[in-house]
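Participant: Listed below are the residues making up each chain.
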Amino acid sequence: MVISHALGARIKRREDPRLITGRAIYVDDLNFAGMVHVAIVRSPHAHATIRSIDTTAARRAPGVVAVWTGEDVKARCGPLPVGPRIKEMKAPKRFPLVIDGVVRHVGDPVAAVVATTMDAARDASDLVEVDYEPLPSVQDPEAALEPGAPILHQDLGTNVCFRMTYGGGNVEEAFAGADVVVKTRIVQQRLIPAAMETRGVVAQYKGGELTVWTSTQIPHVVKTTLAETVRLPEHEIHVIAPEVGGGFGSKLDVYGEEGLVAALALALGRPVKWIESRRENFIATIHGRGQIDYVELAAHHDGTVAGLRVRAIADLGAYSQLLTPGVPTNTGLMCCGCYRIPNAHAEVIGVFTNRTPTDAYRGAGRPEATFLIERAMDLLAAELKMDPVEVRRKNFIPPAAFPYKTPTGAVYDSGNYERALDKALERADYRALRDEQAKLRKQGRYLGIGIATYVEITGLGAVAGLSGGNWESATVRVEPTGKVTVLTGTSPHGQGEETTFAQIVSDRLGVPVEDVVVLHGDTRAVPHGVGTFGSRTTPVGGSAVYVAAEKVKDKAVQIAAHLLEAAPADISTDGARFTVRGSPERSVEFKDVARMAYKAYKLPAGMEPGLDVTHFFVPKERVFPFGTHLCVVEVDPDTGEVTFRRYIAVDDCGNILNPLLVAGQIHGGIVQGLAQAIYEGVTYDDEGQLLTGTFAEYVVPQATDVPAFELDHTVTPSPHNPLGAKGVGEAGTIGATPAVVNAILDALAPFGVKDLQMPITPRRVWEALEGNSASR
Amino acid sequence: MLIKARINDEWREADVWPGASLLFFLRETLGLVGSKNACEQGECGSCSVWLDGELVCSCLVLAAQAHGHEVRTVEALATDDRLHPVQEAFIQTGAVQCGFCTPGLIVAVADLLEHDPRPSETIIREALAGNLCRCTGYAKIIDAVKIAAGRMQK
Amino acid sequence: MHVLLPRTLEEALEMKASAPPAVPIAGGTDLMVELNFDRTRPQAIMEISRLPELNVWRRENGTFSLGAGVPYSRIVRDLTEFRPLVEASRTVGSPQIRNRGTVGGNLGTSSPAGDALPVLAAYDAEVVLAKAGGKIRRLPFAQFMTGPKKNALAPDELILGTRWKVVRGPGSFSKIGTRNAMVIALASLCLVLDEDGRSVRVALGSVGPTILRAPDAESFAARAMETAGVWRDPFGPLPTRVIEEFGERVAAAAKPIDDVRGTAAYRRHACAVLAQRALRWALDDRKLTGAR
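Residue numbers (my numbering), protein chains in the order written: chain A, 30 to 805; chain B, 14 to 167; chain C, 325 to 616.
Among these hints, one or two may not hold up.
To be verified - Simulated crosslink set (DSSO-like; lysine-lysine; CA at most 27 Å straight-line):
no., chain 1, residue 1, chain 2, residue 2
1, A, K41, B, K159
2, A, K620, A, K582
3, A, K512, A, K620
4, A, K434, A, K649
5, C, K455, C, K489
6, A, K41, B, K167
What the hints contain is simulated information worked out from the structure, not anything from laboratory work.
All chains should be built: construct the whole structure from the sequences, respecting the hints.
Facilitator: Right, dumping it as structure tokens:
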């Protein structure tokens with residue numbers, strides 16, 4: 030769908046020329062004269078008291094410039110602030126290095142070694158001698174809730190970080206009066222975000238200014254946080270997110286290393302660089318998911334859902350990071366899915382464990398919500414011997430019901446869930462697929478058809494239940510030449526907003542896309558912003574650009590009217606020229622209006638010079654993308670191997686600004702979602718050692734592991750922003766996991782298999798078919 | 014130790030630690046940062062280059078093994094502001110997102126098409142199995158390979 | 325640390341004799357990871373990837389010799405007559421890894437998951453070792469590889485290559501892992517039929533401390549094929565229960581363990597499935613070729 034010549038068009042990415050030639054500069058590509066390198070000594074224990082740290086040998090090693098422990102850090106650097114708190118939340122503050130003498134997960138930073146080369150720093154870090162006294166550790170979040178479990182944070186006296194409840198209606202009554210109740214326990218395994226670029230920080234203090242280059246999704250938040258942490262006024266700190274090689278939420282945090290490297294640069298007076306190794310990335314960068322969900326769904330014989338009860342236990346890991354509590358609370362908020370469920374109750378408990386902290390990873394609580402309700406709907410369909418499609422249809426929130434408030438408190442903006450479902454079924458030829466399935470079963474072949482209908486929440490922060498800080502800024506500046514510069518507070522790292530935001534400006538002002546340059550990720554160029562996460566960049570950041578461009582246009586029209594001696598209402602424009610309606614000979618070029626805005630000798634009385642508008646867009650309501658994913662698999666009962674046959678995704682993200690980029694977001698999202706279903710999963714041993722610590726053990730999908738995708742859309746614009754856009758960065762991930770799991774379990778229905786732990790590896794399928802994994 | 018190698022048609026010479034990888038030599042010593050370091054164990058392909066015309070992971074080649082030999086990197090593909098057909102195809106299909114895996118993929122695709130000008134989708138997927146991409150789901154990369162193959166035929 | 329760059333095998337063997345700790349590097353797919361991860365700091369590394377003597381193969385009197393330095397991509401391209409070896413080579417890592425990795429590297433590392441190793445075991449291959457002064461040792465594969473990452477290579481020796489008696493008959497290599505390509509096997513299997521010797525050979529990877537043969541299953545299958553007359557008549561039917569029992573007997577030969585990639589039980593089961601499939605493929609191939 031093309032909204033205008035620029036908006037909605039399939040425009041090629043303007044970011045690409047530098048990226049495909051190897052000329053783009055990421056943090057690790059920065060090198061400065063005199064730069065020193067940091068290696069971090071990390072805890073090999075999941076839980077231990079540090080008796081002593083001996084840095085003597087490390088300090089004497091060749092090339093070593095400094096060795097810091099927690100005490101050194103404490104002298105120069107305050108704790109990192111804990112992110113927005115939810116009520117009655119108990120969470121400790123953290124320093125960039127452990128200073129309270131207790132390490133709480135394998136990978137907790139203990140000391141930093143600075144040397145003239147990376148190799149020297151790494152070699153010397155082996156010489157730091159840390160005397161640990163191991164403490165009992167707790168790995169499982171449910172075990173962490175038990176009385177007598179090891180307590181991570183003694184001063185809190187409990188492993189419970191928070192308890193929140195969501196819900197409405199009368200759940201007890203609904204269950205008492207229901208004909209059927211289905212129950213399941215879902216383990217949302219931990220995932221490793223594994224952006225292809227690991228984290229990295231370079232800091233330099235020069236001329237009274239601290240410049241920090243960091244691989245982040247939120248440079249502005251990093252700046253504000255660093256001001257507190259390293260105790261400099263905010264205007265003396267300049268944070269740059271250069272090219273950022275993916276994030277998926279893992280760079281949506283202010284990490285200790287950012288504070289540490291900044292503090293080192295201040296103390297040493299030299300440029301300092303830290304690049305995370307891949308092995309560090311697996312233990313020191315946040316993990317995603319990590320939730321145990323107890324789900325009960327009550328329904329009537331005809332398939333109508335009467336009530337939903339959810340108890341979600343979130344494995345927070347050792348600390349609360351920037352948005353950690355916002356992830357499982359999203360699950361509580363969104364657990365009713367696309368369905369009209371009159372009575373629902375969700376309890377969400379955040380629990381500390383001796384593992385790497387968890388935080389937002391692509392979807393951040395919504396994949397968990399969608400998964401639990403979509404699995405429950407399939408279980409209900411099986412229980413009632415109904416088609417999974419029919420159970421869904423029966424319970425969809427109808428289009429006329431929007432805006433619709435769920436009992437858990439979400440207010441859905443707009444939607445037509447059945448239309449997306451129908452489109453997917455039609456494309457798949459669902460009836461024919463069911464016939465084929467029946468035929469193949471007779472031949473001993475097991476086809477599975479999985480459906481997931483999802484609705485998710487975007488457009489504010491990733492933090493549900495928290496208020497504030499969810500605006501985004503944009504400046505649209507028409508330069509005196511008539512070219513346009515856009516400054517955005519979002520911080521794209523692969524999503525392509527240098528292209529889409531230029532399209533928005535082109536659409537509003539009529540200037541060619543090529544005449545618009547979009548700057549981001551630099552707090553000097555863009556004074557205030559929030560960042561890129563939670564599928565907010567287009568609906569919030571894009572709307573800020575839209576409104577700023579509109580205001581610029583209004584002003585340009587006024588200037589043009591003044592120059593043409595006409596009323597502003599009589600001016601029309603095609604972007605290149607402003608013309609008086611009905612008098613085509615009376616016109617002025619866009620670039621002459623731009624020049625006049627700055628020359629300023631002929632402006633309307635009282636008008637400020639310049640053609641430059643900054644707008645802070647504050648979304649008043651959230652927006653709710655939705656869709657249907659349909660997956661067809663074949664399962665080999667001999668080996669348990671799963672083969673993809675088809676994958677169909679019908680997504681509704683409101684108006685589409687650039688179909689090329691939307692497809693890319695959905696493709697990538699689906700792969701991360703299907704990866705959770707069958708490939709990826711973090712495994713720890715009982716001592717809290719990560720067993721899936723490299724790409725050899727942690728199975729990030731390769732090109733051979735994923736199917737081709739068939740994409741389609743419905744378009745239900747959001748009423749809550751001028752673009753009518755809903756955000757699409759996470760939809761694929763949210764739809765894919767339940768679609769794939771439902772497909773596999775549909776294939777295995779003849780064997781009576783009802784549940785399988787993700788990732789559904791061939792071994793797990795085979796064990797389920799054997800039915801007695803323990804005895805073999 | 015002193016390493017001398019012909020890099021992108023130019024003899025370059027520099028001193029490196031004997032245990033250093035070719036990737037380190039390219040990036041840290043010669044400043045050719047187009048090849049990316051993302052796993053250090055040959056699992057991700059972000060550091061793909063040609064050594065004597067063979068596609069390799071430069072993190073798994075000892076810099077000394079390139080001594081006296083020919084290395085070609087992503088930086089050599091575009092000439093005089095003219096993009097390689099593979100690069101053009103990547104732009105056309107939207108095969109790039111964050112870009113970190115992209116240089117390695119461009120090299121791997123160019124290598125594939127040098128050996129097999131008309132690869133099937135199965136062959137393309139197998140040929141790219143050594144290049145991890147976390148953003149794109151591979152779909153548009155595979156489209157790009159097909160388009161580039163078509164163009165290079167002409 | 326220093327790097328030695330010998331130009332000939334003789335130079336390399338002399339360097340090996342005079343500097344015993346020198347660690348040879350060819351494809352680097354194992355050693356470079358150890359170096360990059362700071363797990364090893366050998367005093368000396370010896371580059372052998374281009375030694376001409378290691379980069380050749382040769383057929384003499386029904387025996388095939390494969391140089392230790394021939395990369396997998398060349399095996400895939402040029403040695404198509406050895407189907408199991410080609411199939412194993414094809415599943416070794418990615419194109420980048422196949423261009424560098426060698427059978428010599430698999431032998432040197434002696435990981436039970438080394439993809440080429442079950443093929444060498446099923447071929448009854450010998451491993452050829454050399455030291456300075458032209459001293460050559462030939463060890464049967466089973467005597468060469470003694471345990472996980474353990475072998476009989478002496479500190480002053482280099483692996484020259486491997487050799488085996490070429491047998492007439494179908495064969496295959498297959499494996500099961502956690503994904504489709506470039507995967508470390510949970511279980512791998514090579515099956516070779518020797519038409520002239522009327523024997524069946526099976527070797528298993530990733531399911532024991534070393535590569536395992538399944539002698540009981542091998543003789544069971546050979547006898548069953550004799551009884552059913554299948555050796556003479558490739559179209560003669562072999563009862564399904566024989567194929568199933570063959571799989572069970574192969575699985576019984578496995579000595580798998582639980583680890584992060586898979587359980588012992590699944591690995592054993594995978595051996596049975598792989599064995600049954602491999603035998604069926606071999607029997608089907610014989611129907612196509614008329615067992616010639």
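Participant: All the hints need checking, so say for each whether the structure fits it.
Facilitator: Here is how each hint holds up against the structure:
1. A:K41 to B:K159: holds (18 Å)
2. A:K620 to A:K582: Between A:K620 and A:K582 the Cα gap is close to 13 Å, so the pair holds against 27 Å.
3. A:K512 to A:K620: holds (8 Å)
4. A:K434 to A:K649: Within the cut-off at roughly 15 Å; holds.
5. C:K455 to C:K489: Answer holds: C:K455 to C:K489 is near 24 Å, not above 27 Å.
6. A:K41 to B:K167: holds (23 Å)
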